[in-house]
Amino acid sequence: MTRKGLYTVGLDQLEATLDTYGADRTRWPAPLRHALSGLIAGNAEAQELLKKAEIFDRLLDKAPQYDAARAGRLADRIVAAAERQPRLMTTDRREALGHPVLRHRHGLAATALAASLVLGVIAGQSKIFNELLVGDGARATSISQQLAQTDDADSFLDEDLL
Amino acid sequence: MQKLPDRQRLALTLFHFEGLSQIEIGQIMGVSDEAIESLLSRARRQLKADLKSDWESLRNDGEL
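Residue numbers (the working numbering), protein chains in the order written: chain A, 1 to 162; chain B, 1001 to 1064.
Warning: the hint list may mix true and false statements.
[To be verified] Under the rule of at most 27 Å between Cα atoms (straight-line distance), these lysine-lysine pairs were calculated in the DSS-like manner:
#, chain 1, residue 1, chain 2, residue 2
1, B, K1003, B, K1052
2, A, K51, B, K1052
3, A, K52, B, K1048
[Unchecked claim] So the derived list for chain A, only partly shown, Cβ under 7 Å to chain B, looks like this:
#, residue
4, D19
5, T20
6, A23
7, L60
The set of hints was computed from the structure by calculation and includes no laboratory data.
Note that CB positions come from ideal geometry on N, CA and C, so glycine has one too.
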């Protein structure tokens, strides 16, 4: 499916759209919404597909959500550990990145950002973070310190969780 | 949702639960919005297949 150019509207196109974006038409790309509005208005089969997608959306809404408070506390622990521990960095990398203090602050900010972005969204839905969130605090702190002590923390989050 | 591959699960979570746009998700995940479209589509299709029996029984019971 492409959003560039003209759409050939039909039930297949509607089904593909519903499979991608769900039944909430406000979430569809505007060109698709416009192209499919006539089909939905005048075709009973299209309306049935839309109705099924609405039901599926409601089923999705019932999916267990992450515990935002727990994820927030874990993110706080990661940031706190990063503040306590000096970040490990090779001499070559320090020189390549310029002033070490500036780099440290940049790294800390990046760690905090990564923690808030990633944990706030997927904690509770990932087995790894579920284990951290429901496990004992000492183990979680230990793992968060390991994350904070390495300059590869950001890439770990990016590569393994994104 | 735990059964979905990480990237599909993340894309669906950000889109459906967090309300982010396709473009925003692409920026966060570092991929094109076309790739997000594909991830969303595969995620929903997989979930529909996995939840088919639950979905239909709930629908027949009028719980959805």
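Which numbered conditions among the earlier hints are violated in the structure presented, ordered from lowest to highest?
6
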